[in-house]
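Peer 1: So you can see what is in the structure, the chains are spelled out below.
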Amino acid sequence: MNELVHGALYGTLIATAILSTIAMGIWFERKFAGRMQQRLGPTIVGPAGLLQPFADIIKLLQKEDIVPRDADRGLFDLAPILAVVCSLGVAAVIPFSPSIIASDLDVGVLWVLGIGGLMVIPTFAAGWGSNNKFALLGAMRAIAQSVSYGVPLVLAVLVPVVLSGSLSISGIVAWQAQHHWFAVWPIVPGLPAFVIFFLAMLAESNRIPFDIPEAESELVAGITTEYTGAKFTLFYMAEYVHTLVGSALGAALFFGGWDGPFAPGLHWMVLKTLTLFVLIYWVRWSLLRFRADQLMRLCWTWLTPIGVALLLVSAAWVTFGGTN
Amino acid sequence: MQSAWLSAFAFLLVSTLVGAGLLGAASVLRVRAKYDSPLKHNTYECGEEPAGMSWMQFHARYYVVALFFVLFDVEAAFFFPWATVLREEGTSAFIAAVTFAAVLMLGWLYAVRKEALEWQ
Amino acid sequence: MEITVEVQSATRGSVDPHLSIHAYEAEGDLMLLHFGPQHPSTHGVFRMDLHLDGETIVKATPYIGYLHRGVEKLCEKLTYVQQTPIVDKNDYVAPMTNEQALNMAFEKLLNIEVPRRARYLRTIFAELQRVASHLVWLAAQSIDLGGALGGGSTLFLHCLRERELIMDLFEEVSGARFHYNTHTIGGNRHDLPDGWSKRAQAAISQIESRLSEYEDLSLGNQIFVDRMKGVGVLSAALALELGISGPVLRGSGVDHDLRRDAPYHAYDELEVQVAVEQGGDCLARAKVRFREIRESLRLARVAIDGIPEGPICSFKPTRQPTQVKLTGGQAYAALESPRGELGTFVIAGGDTPTSPYRLKIRAPSLHALAAIPYIVPGANVSDAVAILGSLDPIMGEVDR
Amino acid sequence: MGYFNDTAKALRTTMVNAFREPVTQEFPLVIRPRAERFRASFALPDDEHGEVACIGCLACERICPSRVIKMKSGGKKDSPVTGKKRAYIDEFVLDLSACIGCELCVQVCNSDAIVMVRQPEVPAFAREDLVLDMEKLRANAKLKTASWGTGTRLQEMQEPPKAEKPAVAKASPATETAPAPAPAKETV
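Protein chains in written order, with our numbering: chain A, 251 to 574; chain B, 789 to 908; chain C, 7 to 406; chain D, 163 to 350.
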């Protein structure tokens, strides 16, 4: 019972933190993208447009809720909530500092992959439930994409698991802290594994250059074509949560999480997470997107075999020489 | 460790509440149209009348991808228990993993040669 | 110039693109998708009905007419001097060339010689307009490939930023940014303001310096190349058969450019390097346009340096609508607009001597769109967007 | 790997741009300098005697391609200022919502009585708000900066040199250019 309270309390804390980070993240993204495009970005709402995300959310919540006549009402309504649960739920096992963790599961990595993988379901529910052809095409693409990129994601995540010999994310971080990750962390399996993880994470959270499921120039808005108001907000939010939690996961698995000198753990974790988060948006506003077949080819003919090879290299590292 | 699962599920509950709370807030805040037009509830298809429903038999290629996913992901799942015991088991576990991966990649090679992984 | 290409029947492979859809066999159900008119990347209001097998297009049928405004009919009602501002709106990305094409036809009809200074001004405007138009093409193409919420929009806004420079130059001359109405029968209405040439050279230098940035984000980027290469292959024979001209034709390897082959304005005094690329795919068309931007900037620069002194118009300034009265005669004049051969065919006479009996505008975009049923099938939805972007249609010009 | 190299190049380009001064401005707060010839809305300026310069010759109404100008001549009267006889205008209505800004009305005006101004009209909530009557047009002349272009200037700039005749060839007998009579004479 105590654990239930602990989970709920920390869950509320972490969820609030994530959501407010996202609100500021949206502001930052718009400002950053604006500067990259030599625009000003938001300036009107609040000082330097800081209150823009809140204005956006209030606007979105006020919008009329329109459900298409031909839609499958159940799926259509359920999908947005599921999307938020699946993207936010991943954060349950991520340690933000040695003590701030909602649930220190011993199979944290599996939880992450499992809950993250469930994201396919709301996506398809939205696409199929809308009974819209653009949504259906988007959902089909999304499934093909997240299902395919699930494989390199698993393989990339396995590298730190093999190196540290632990399935718990806090265990992995603790192992990195013990072994001075920035000095000892083997470059050969570690860095390429991070690259694969980063690409797969971009694909899983539908970010450019892998955002073909909701390619707005082709599929109008992909799965969210028929969604308005609050339900659209949830999808929108889920996407950002997915990106932020993915960044946090990357920071924890590959960059030592809360480990770092001179400052408390939480600061390091936040710094690393936000760096990855900014990198994602920097990439997003710089690149064009792939086509579905190129995406699949990249995944199956490059990332998957490289992932397997990296796994074996890290296993060899553990078995024959390296650290223990 | 039972307890950690409880916390994790509590976290899921909180996440659900976030979603439901937002929808609830919207149901209070949102504008209700005075007049409803049947056109508003039409399925969007670029401003044209939609040509038929979108619930149809889809191209088989997607099922191939799904099959591959099941294949690779399930086999990758075997790596997880192996990863935790690798340190204790040592060389024998490594050789087992290499063999396993070799078999896996043989299947991958077959798929590549068959061009089953080509999207078009 | 001699074009010796064997004209084949307009079919793709052995399949006639105009076949009934029941003639196709698909693995799953065929999905009929209305792609447009209200779609983010149909470049205005254009509609393609796509029959999809999975995501592969088996048949594409273009529909036009959503932006029809009856410009040609309107021109029959208006007098000769009133028509220039009306045609501005046809090709709304390159209004200058519309005016020029119309007035060239009228000048031919009236047999008026344009003064040398005006011909140079027209050349400069046409070339700057070509740069502006190609920048809009690149902007739209990158949005098509990269989305409005991503790198595509970055390149989009960068392109529009440089287009602003050109529009500022036009604004200084004509006072308008879009409805220039700066050409008239027999020459130009507006002379250059003081110091314009210097500012224009500065703007050209600035655009030239930014071109490498565009290349970093587009042609120099592997993703862009991958998306464009081998997509929407248009053979030279089919392009000629469909009457396609401009960068789309040159991308298919046909060396044809009216600026060099039938010089007008001051092009006989300038040497035009025509950009031709083999391949006929979207990438070749993109390369052609990129080279044309550089070439146009060079031409504009040379022309600005060589502007002669003299009058800018050889015809009385417009004083009243009935200034030109014609009872007969006909003329066709064409120029190389950013999209290809933009021609105006005018028959004078009819009931009223002050307005043409019939005026027909040959819009290059219309012909480019005719290629869609042939080159889109076989591609997937993403490619369809890329192909449409690379044809660079302007619906205002297509529907008129 | 081409992809990584090109991605690095793209990232560099966007970052370079992020540190440039933004080119956009907050429009209603900051207004960019407009060219001298910039034309947006209309005004009916006064002549040197402080009366409205328009003499109601209908030239602008006739030339307008989209027929947005409606006017009513007031006939000849003695001017209260100079005492000389001149033509007046009773009503002048310009529907800006249909105007295409072609500047032909300015060009044909021999008395420089209609000019364009460089400040655009404020967006309106109703179409009627965009209809400019005499009052608004005269107020515009006082409140807003006039564009460089006036009838005289535009015609002068475009006028072919006096020495040589307009090159209307004899080859096309169907061609004839009507002489342009002074509109004032024509209408009064």
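Do not rely on the hints blindly, as some may be mistaken.
A few chain A positions that, by computed beta-carbon distances, are all more than 12 Å from chain D [stated by the list, open to error]:
| id | residue |
| --- | --- |
| 1 | Glu-253 |
| 2 | Val-255 |
| 3 | Leu-269 |
| 4 | Ile-276 |
| 5 | Gln-288 |
| 6 | Leu-300 |
| 7 | Asp-306 |
| 8 | Asp-320 |
| 9 | Gly-364 |
| 10 | Leu-368 |
| 11 | Leu-449 |
| 12 | Leu-538 |
| 13 | Leu-548 |
| 14 | Ala-559 |
| 15 | Thr-569 |
Straight-line Cα separation of at most 25 Å, BS3-like style, residue types lysine-lysine; simulated pairs [as the list claims (entries may be wrong)]:
| id | chain 1 | residue 1 | chain 2 | residue 2 |
| --- | --- | --- | --- | --- |
| 16 | C | Lys-366 | C | Lys-204 |
| 17 | A | Lys-309 | B | Lys-822 |
| 18 | B | Lys-828 | A | Lys-313 |
| 19 | C | Lys-366 | C | Lys-83 |
| 20 | D | Lys-234 | D | Lys-246 |
| 21 | D | Lys-232 | C | Lys-79 |
| 22 | C | Lys-235 | D | Lys-232 |
| 23 | A | Lys-281 | D | Lys-234 |
| 24 | D | Lys-232 | C | Lys-95 |
| 25 | C | Lys-235 | C | Lys-204 |
| 26 | C | Lys-83 | C | Lys-95 |
Bear in mind the hints are in silico, worked out from the structure with no lab data behind them.
Note that CB positions come from ideal geometry on N, CA and C, so glycine has one too.
Peer 1: All hints, please: hold or fail.
Peer 2: Taking the hints in turn, this is what the structure says about them:
Every CB of chain D is more than 12 Å from the CB of A/Glu-253 (nearest about 44 Å), matching its label as outside the interface. Residue placement check: A/Val-255 keeps its beta carbon more than 12 Å from all beta carbons of chain D (closest about 45 Å). With a closest Cβ-Cβ approach of about 27 Å to chain D, A/Leu-269 is found to remain outside the 12 Å limit, as its non-interface label requires. The beta carbon of A/Ile-276 is kept farther than 12 Å from every beta carbon of chain D, the shortest such distance being approximately 17 Å.
A Cβ of chain D approaches the Cβ of A/Gln-288 within 12 Å, the least distance being about 5 Å, so the stated non-interface status is violated. With a least beta-carbon separation of about 16 Å from chain D, A/Leu-300 lies farther than 12 Å from that chain, consistent with its non-interface assignment. Against the 12 Å criterion, A/Asp-306 stays outside the reach of chain D, whose nearest CB is about 19 Å from its own CB. For A/Asp-320, the non-interface assignment is confirmed: its Cβ lies about 37 Å from the closest Cβ of chain D, beyond the 12 Å cut-off.
Once the 12 Å rule is applied to beta carbons, A/Gly-364 is consistent with being away from chain D; the minimum gap is 30 Å. Every CB of chain D lies more than 12 Å from the CB of A/Leu-368, the least distance being 30 Å, so the non-interface label holds. For A/Leu-449, the condition that its CB be more than 12 Å from all CB atoms of chain D is violated, with the nearest at approximately 10 Å. A beta-carbon of chain D comes within 12 Å of the beta-carbon of A/Leu-538; the shortest separation is about 9 Å.
Listed as outside the interface, A/Leu-548 is inconsistent with that label: its C-beta sits roughly 8 Å from the nearest C-beta of chain D, within the 12 Å cut-off. The beta carbon of A/Ala-559 sits about 16 Å from the closest Cβ of chain D, which is more than 12 Å, so the claim that it is off the interface holds. With a closest Cβ-Cβ approach of about 29 Å to chain D, A/Thr-569 is found to remain outside the 12 Å limit, as its non-interface label requires. At most 25 Å may separate the alpha-carbon atoms for a hinted pair to count; C/Lys-366 and C/Lys-204 exceed this at roughly 38 Å.
Annotation: proposed proximity of A/Lys-309 to B/Lys-822 holds, straight-line Cα distance about 19 Å (limit 25 Å). In summary, the hint linking B/Lys-828 to A/Lys-313 is supported, as the alpha carbons are separated by about 14 Å, within the 25 Å threshold. With a C-alpha separation of about 13 Å, the suggested pairing of C/Lys-366 with C/Lys-83 holds against the 25 Å cut-off. Only pairs whose Cα atoms come within 25 Å are accepted, and D/Lys-234 paired with D/Lys-246 is accepted, the gap being roughly 21 Å.
A threshold of 25 Å between alpha carbons decides the hint, and for D/Lys-232 with C/Lys-79 the separation of about 24 Å falls inside it, so the pair holds. Proposed proximity of C/Lys-235 and D/Lys-232 is contradicted: the alpha carbons are some 57 Å apart, above 25 Å. Between A/Lys-281 and D/Lys-234 the alpha-carbon distance is near 54 Å, which puts this suggested pair outside the 25 Å criterion. Distance restraint check for D/Lys-232 and C/Lys-95: the Cα-Cα separation of roughly 24 Å lies within the 25 Å cut-off, and the hinted pair is therefore satisfied.
Of the pairs offered as hints, the one joining C/Lys-235 and C/Lys-204 is violated, with about 40 Å between alpha carbons and a cut-off of 25 Å exceeded. At roughly 17 Å between alpha-carbon atoms, C/Lys-83 and C/Lys-95 fall within 25 Å of each other, so this suggested pair holds.
When each numbered hint is compared with the structure, violations occur for hints 5, 11, 12, 13, 16, 22, 23 and 25.
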